[in-house]
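**Student:** Chain residues, written in single-letter form:
Protein chains: 4
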Amino acid sequence: MDFARSPEVEALIGRVSAFMDEHVLPLEERLMTEDFTALEPALAEARAACRAAGLASAPLPRELGGMGLSLLEFAHMSEQLGRSPLGHYVFNVQAPDIGNMELLHQFGTPAQHERWLAPLVRGEIRSCFSMTEPELAGSNPVRMATTAVRDGDDYVIDGHKWFTSSADGAAFAVVMAVTNPEAASPYARASQIIVPMDTPGVRIVRNVPVMGHAGSGWLSHAEMTYEGVRVPRENLLGGEGAGFALAQERLGPGRIHHCMRWIGIAERALDLTCARAIARELAPGRTLADQQVFQHALAESRAAIDASRLMVLEAAWRIDRLGQKAARESISTIKFFVAGMLQQVLDRGIQAHGALGMTDDTLLSFWYRHERAARIYDGPDEVHKGVVARQILARHGHSGARR
Amino acid sequence: MDFARSPEVEALIGRVSAFMDEHVLPLEERLMTEDFTALEPALAEARAACRAAGLASAPLPRELGGMGLSLLEFAHMSEQLGRSPLGHYVFNVQAPDIGNMELLHQFGTPAQHERWLAPLVRGEIRSCFSMTEPELAGSNPVRMATTAVRDGDDYVIDGHKWFTSSADGAAFAVVMAVTNPEAASPYARASQIIVPMDTPGVRIVRNVPVMGHAGSGWLSHAEMTYEGVRVPRENLLGGEGAGFALAQERLGPGRIHHCMRWIGIAERALDLTCARAIARELAPGRTLADQQVFQHALAESRAAIDASRLMVLEAAWRIDRLGQKAARESISTIKFFVAGMLQQVLDRGIQAHGALGMTDDTLLSFWYRHERAARIYDGPDEVHKGVVARQILARHGHSGARR
Amino acid sequence: MDFARSPEVEALIGRVSAFMDEHVLPLEERLMTEDFTALEPALAEARAACRAAGLASAPLPRELGGMGLSLLEFAHMSEQLGRSPLGHYVFNVQAPDIGNMELLHQFGTPAQHERWLAPLVRGEIRSCFSMTEPELAGSNPVRMATTAVRDGDDYVIDGHKWFTSSADGAAFAVVMAVTNPEAASPYARASQIIVPMDTPGVRIVRNVPVMGHAGSGWLSHAEMTYEGVRVPRENLLGGEGAGFALAQERLGPGRIHHCMRWIGIAERALDLTCARAIARELAPGRTLADQQVFQHALAESRAAIDASRLMVLEAAWRIDRLGQKAARESISTIKFFVAGMLQQVLDRGIQAHGALGMTDDTLLSFWYRHERAARIYDGPDEVHKGVVARQILARHGHSGARR
Amino acid sequence: MDFARSPEVEALIGRVSAFMDEHVLPLEERLMTEDFTALEPALAEARAACRAAGLASAPLPRELGGMGLSLLEFAHMSEQLGRSPLGHYVFNVQAPDIGNMELLHQFGTPAQHERWLAPLVRGEIRSCFSMTEPELAGSNPVRMATTAVRDGDDYVIDGHKWFTSSADGAAFAVVMAVTNPEAASPYARASQIIVPMDTPGVRIVRNVPVMGHAGSGWLSHAEMTYEGVRVPRENLLGGEGAGFALAQERLGPGRIHHCMRWIGIAERALDLTCARAIARELAPGRTLADQQVFQHALAESRAAIDASRLMVLEAAWRIDRLGQKAARESISTIKFFVAGMLQQVLDRGIQAHGALGMTDDTLLSFWYRHERAARIYDGPDEVHKGVVARQILARHGHSGARR
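Chains A, B, C and D supply the protein sequences, listed in that same order. Mind the numbering: the first sequence is residues 1 to 403 in my numbering, read in order. Mind the numbering: the second sequence is residues 1 to 403 in my numbering, read in order. Mind the numbering: the third sequence is residues 1 to 403 in my numbering, read in order. Mind the numbering: the fourth sequence is residues 1 to 403 in my numbering, read in order.
Okay, chain A solo, but in the shape it has when bound (with noise of 0.2 Å):
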């Protein structure tokens, strides 16, 4: 066992961070104070430096314009982006659209590579991946209302979608629709089809307000229907009925780049929280940073943050030696354990900033409205615990009465 990162691997932190602090911290004020799209140009910059740098579009081939990370080496750099909440966005890793990018560079047909991957990966273009529906509970993703069915060399696609996310000037969706109905397997019903925004019948019917907003652009989640929208069958991903399978490949790095976002979140807001706490003066000479029930919680936050940051490298290194599969029980575990450390870690913050943490002078308070959704999306704490449980219970020789 060697927990010694590679110097690569220092390498690569040292040009992220560098690059962190030159374009993209500066820009976190007006995101606290600006709606997204107000935002966009100046990102825009962000990203063609980013690009320009050769930091782009990290996990993806050289030859795409990525950087060819392992899943371990990119978990690291995740961390440093997260540190901010547009990190990923400026290095042109942000969810949903690295996502897409890996479903359509893994299972894309050359013809998609050209006209979705590409520019995807240039950073031209937006994309998203429309999946939950807001009738159906996310938990249990067998369970969905929306239908492709074939009709002549076409899908013709109806149902009711929401949080899709960025789905505002995204180019095109990724739509999860049920196929093959009849299908023995429940998981073998869905297919994942590639849909252009502009398609007739698409309808973005509004940005689901989230905590108090709406959002816009990049930063919003958009309730859809989707009418009689018509696209041909070359759109399919991946074959017909691999839905949740794809689904499956395209969640479990997710759930690494996330967890990691969320380390580099939580030390980002650790900084913060001990900044503020040695400033706060509480009595002459005697700082909230003094406060031994300030200093406990603190190392608490250290100690989980840390047990978070080994665990979720793990789970990276396990995916990158022996498949998704193999992984499967350290990548449940990691999205319940991390998701709870962040909430906590956020919280303390909060509460050692007093009434500051409530404003949008912080950026905690962005974070603890925004990822109080690490707990929900991608699996809940609930699908993910049953699911580690039985895995061990099924080493134990317990086949399980029922979920």
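Incorrect hints may have been included.
[Said to hold, decoys possible] Only some residues are given here: those of chain A computed to face chain D with a beta carbon under 7 Å:
| # | residue |
| --- | --- |
| 1 | 2 |
| 2 | 274 |
| 3 | 289 |
| 4 | 303 |
| 5 | 307 |
| 6 | 311 |
| 7 | 317 |
| 8 | 337 |
| 9 | 386 |
| 10 | 398 |
[As the list claims (entries may be wrong)] Not close to chain C: a few residues of chain B, all C-beta gaps over 10 Å, as computed:
| # | residue |
| --- | --- |
| 11 | 21 |
| 12 | 29 |
| 13 | 42 |
| 14 | 54 |
| 15 | 68 |
| 16 | 107 |
| 17 | 137 |
| 18 | 153 |
| 19 | 171 |
| 20 | 205 |
| 21 | 251 |
| 22 | 303 |
| 23 | 323 |
| 24 | 326 |
| 25 | 344 |
| 26 | 397 |
These are calculated hints, taken from the structure and not from any lab test. Cβ atoms here follow ideal geometry from the backbone N, Cα and C, with glycine treated the same way.
Got chain A; can you put chains B, C and D on it based on the hints?
**Tutor:** For chains B, C and D alone, kept in the frame of chain A given last:
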């Protein structure tokens, strides 16, 4: 010991609850999507109806236009009002006005009663309370930089405040300022002074953006400067140097009001959560309400709410019978206990709602954001736990080395 | 609502507390180092003194030799007794005897009263309650393998029990056994039967070693076998098939007794902890009591104990006024809430004592071990949370898919 | 970063695990019911077999009779041994002997090696470490009342100690005593001195009863007095005034050993818990293992154990590579994190076992009692959290007002 509610309280709760259903709850949806000031006409109507029904300004004496309720009686009422974010406002018992009314009623001169108290009780004007300062920890109120210097028959006030809630649109502020910097006790240095908002030198710098919104009108928290603000001596409230003593008088019942309001929120959140869980099908014939983990969290919430209510009612009863000083430990205990309960119940509610819980389609996300402050304002958890501990230890003979 | 204790209750608490100080607390040190049976002579003296003082068997009617206390009154008393592990025993209100006395009093025949109840109330004999079976989860009491078969005018009992507390030295057992295996409702299959311990076929296999000790006498938990145990029909308690109904009757007040006893333990633990913290110097002039982390934990313990007491007293008041059925949710709520509080208060007490907390030089380690069972016996947390949740959900119209 | 275990470590784990199954686990049942000294003959056989298999005294160099393992390698082994309360003892790596061996090895003179170290490594004698004093908080080790006064070529030691674990039957004690009371630094006042247990004036007052048992032999914790105990100067270990420096050296690896041992306990507890849950039928066809609440707790335990292991292994790796000083924060982090994990896993295990969990029919109740001390010895949680916090804050430029 008799845990039964009196027939009068039962009847009161019935009337209040019916009024809430008819006049208040229908306005909630607009609160989630519109600016507060846009709601004001509709709210004014509801407030008029409330006054007409004889339900307004309840803790104030009947001769002033209130209902003359004891603190225990009002506590029961406050829970009902708390079920909606608009309840207290419609019933004209909203912070900070209710605290100012109680202050003026107890300590104001006849002239102050006529000029400020009467229109407040009638709901014709609003007010604010200007204490917290951005540079100094609000948890240590003896540290205050704002000064009020005597100049002839006037005070001249200079200072910088924030979290002066509801300053936007208020007719006057009660300002805490140091008048007696040389007083031996740090608790005898500040005074409370009534400052009409249109006095020259009074400036609202901004409504501080809190959890993503600057807000407006009653639902806002101002950063303010006072520069050479001149008011006549008769605007002094309750004696020079009495500022802290009055603030303590104001905060005792205020914490009862808040705590019962939080219990109302928690009950409403629990209702929403149960309704959602029963409706949310996870698999055919199996809803979230059938999940054991959900059920156990529900039971824990129920226990914590029940515990909270009994403790708050007992504290109110204690204040009614023995006065605030005798209830100091109880008041500090409920402040942190109920605030903690509220945060947990809301958090569980969001988790049970899944993605919906993140949206402004439910009240939960509103409370999740705004009531995070419950553990901070009117003394953070840390301060109240210290108060309780020192009282316990003093009973065991401990003198206390230092704070 | 009136939270004041009546003058009668105040006077009672005073008398009980004085008796405890004089007669019970001096015996505690021996309990930590000697076998229970070695203490019995000294305990017998204390019990005689208690009876002479008119304080024994308090919940039983005066005409039987008790004090005729209501459940609410006895709850107050039970807290005082709980301050010592020997309190309930000396006052002849110890489990399982008090439960058996209440059962016999409510449901026994005159002959049973004379033969079994009278000497129990006088403290001349002890008894036990034989329900739990090692092979079947005690949390699901309808599953029971012990049978009592009618044979002429007798029942013949066969079965295997454990955690028959205090069987060692008891004069009789109340045995739960299936008499009506064919009854439609699983709740109507078992009966309670009085079995003299000297009946042939009754065997104490062992006192089960619990937390390191097999114990002896009243302080023990037997594994028992019943093989062809023949008792006359008149030993049936309260009707054939009524076993569960009676058990429920027995458990309601029993849980009030336990919960108030736990509150007494918690109060004593808090006293010990405060005394220790004040005395434990960490550095010159600085004691553990001055540590902020200690203080906050103390405040949290205080809040949890206060909450517990109010909830238990309210549940007792509810049973007194409305009967057990109406208090079912309250009883389940306090069972898990108070047991959880107790465990946490004891754990904090041990931590504050440091190495001393691990030793038998304090009562804390005794309670830490033995009261871990509080979250298990008389229904584990899991069962009671489920009960509470299903009651809440039923009020919201939920039918419940399955347990 | 490479999370793979080396083939050597894999092979070692295999051998150790097989030995445990064959020689150690069969002895456990007797441990639960018999005095430790009664087991000594059987344990002596197992220890001889272990030595014969070349698996004893593993962290010591091969030339002394150990295996020459690095700390990281031994950490892996320690987890395996921890699965049984007897593992470390049988492999002759039990505290306090292993710490004394490491001390003697690093700092002992050739004469001390020959007289004390060699027979310890060969498992022929036992030893103890006499530091903690009953009157002074062990959490502040610079406070020490025991003195060692130079008198000619001797030291004369006077003092009162307790929690001198395993003194009963030991051949010698390493005693911490103040030799240089005038030293400027409080950390330079004490020395470590080897004291044969048969020296006049050495007295075991009692084996302190801990959690219900005084214990015996290796499994005991003595209260001791040293009255005019005279030992020659050459019994000084590592230099006058070096006592604390040596204690720190001793405690670093010692905490790794403990933490990995606790992980072994937790893994075993989890295995027992899973087996029990699968076997424990709650209703026909439905076991405890199917309960969602059980499953979620299981997943949380799994996550906490996995996190613990990674953190401890990384700390061991850090010590191996960079030395103890560089690992100070890591060591303090794991000390409180892993001890907290252990307590929770054991508590959940007991709850899952129900009444059985309270009995000595499982190992859980043994560990529940004895490992409550994990959060206290070798520095309580409170001290380690303070260490971690101050290191973090120092990196942020905080000087620290006071402890």
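**Student:** Tell me the numbers of any earlier hints that the structure contravenes, in ascending order.
**Tutor:** 22 and 26
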